[in-house]
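Chemist: Model the full structure from these sequences, guided by the hints.
Each chain, letter by letter, is given below.
Protein chains: 2
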Amino acid sequence: MSKKKKDYRIPQETIRRLGLYLRSLRKLQQQNFTVVSSSQITSHLNITSDQFRKDLSYFGSLGKRGVGYSVDKLIKHLERVLGVDAECKIIVVGVGKLGSALLAYPGFQNFNFRIVAAFDNDIGKIGRVWEGVKIENILNMEEVVRSLGVKLAILTVPADAAQQVAEKLVACGVRGILNFAPTNLNLPRGIYVLNVDMATELMFLTYFSRKNLAG
Amino acid sequence: MSKKKKDYRIPQETIRRLGLYLRSLRKLQQQNFTVVSSSQITSHLNITSDQFRKDLSYFGSLGKRGVGYSVDKLIKHLERVLGVDAECKIIVVGVGKLGSALLAYPGFQNFNFRIVAAFDNDIGKIGRVWEGVKIENILNMEEVVRSLGVKLAILTVPADAAQQVAEKLVACGVRGILNFAPTNLNLPRGIYVLNVDMATELMFLTYFSRKNLAG
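From first to last, the protein sequence lines are chains C and P. When we follow the numbering used here, the leftmost residue of the first sequence carries the number 791, and every step to the right adds one. When we follow the numbering used here, the leftmost residue of the second sequence carries the number 791, and every step to the right adds one.
No wet-lab data here; the hints were simulated from the structure. Mixed in with the good hints there might be a few duds.
Copies of the same chain are indistinguishable here, so a pair counts whether it falls within one copy or spans any two.
[As the list claims (entries may be wrong)] Calculated pairs, EDC-like style, for lysine to aspartate or glutamate (alpha carbon to alpha carbon, straight line, at most 20 Å):
| id | residue 1 | residue 2 |
| --- | --- | --- |
| 1 | 844 | 803 |
| 2 | 887 | 921 |
| 3 | 879 | 991 |
| 4 | 887 | 840 |
| 5 | 844 | 932 |
| 6 | 866 | 991 |
Modeler: In structure tokens form, the structure reads like this:
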């Protein structure tokens, strides 16, 4: 059964939850836990232990019922599965209000993500160092991205510039884009775009918070 | 069959997609389209027409095969379903880098979301007006939130303050929280929390962008 499961398509929500488990495990590690139960890992996540075990089963289970999970081993395992076991270089494109806020975002630490460069087209910003990251001219983006071998980008340019900039990113080797511009990108297959659309998130929240009120 | 579907549990991803359809429809409306096909609505979303029809079927279908969807009617329908057909008041709690960036975020327009107040505990910020929104003392949060009848909050305080602030929000009537603090909130049942965790999103992206490289 568990062998067969590996052939199934892994649900996107499973992958998203793996990231949450990893975050939870990092916290437990900081609190000096070495062996933990599934319920300790999922306690603040609104996720059941059954769901947790099911999610892990796609990648080979590591825990034993009644024994628990080694924090260090499970962290390493999840990091390998997610592909964040080595440093992941990221760039931020568009150093406006949101872009500069993300350069300072503290949540990236502990997860091997490092912002290696930021880009803008504003002469007043180019050359400045913000949160330890130098803001480069967007015209040099291709050269910098290629030389650093960056595969991931955070896109925080205005909506009307997003498509053009995203195409440039793809042309210089970027494979995944976290898109904060409130527009959809039309890119070749094989490029993965994750849209973080605050309005869509708020609509989602509105629906469920109203549902809760009614129920 | 479609009548029975209404009784099923509606997948969260369906609700998330409804927001994307609404955004897509707004764009088509701005381009003066009055009747559109499902593929026009989903063209830039990486969502199939079948999925679109399935998502809509949970709430009673509005389109006719070969005739298409009235843009205005479908917008109104989706707004009603999501609960964003009337103005939704939101507050932003924590006017640091991310909070102030969100006050300026252009994506909320067109979706009936209005940020009615922002809160911080920094004396240097309190009383200032940022992007048309007055920054209030967080000590007055309860009073302001109650008097305005706010049900939704965007939480952008530091991680170590998030739980305490979230409990205060719940105490004064907030039912849904968009949480940007990189920590999990432990709140009573019936309160809906949506975590926007940039590190988790990036892990998700890393997984899929690597998968694409391999496949």
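Chemist: Against this structure, judge whether each hint is valid.
Modeler: Comparing the hints with the structure gives:
no. : hint      : result
1   : 844 / 803 : both (12 Å within a copy, 19 Å between copies)
2   : 887 / 921 : both (13 Å within a copy, 12 Å between copies)
3   : 879 / 991 : between (27 Å within a copy, 15 Å between copies)
4   : 887 / 840 : neither (41 Å within a copy, 38 Å between copies)
5   : 844 / 932 : neither (41 Å within a copy, 41 Å between copies)
6   : 866 / 991 : between (31 Å within a copy, 19 Å between copies)
Of the numbered hints listed earlier, those contradicted by the structure are 4 and 5.
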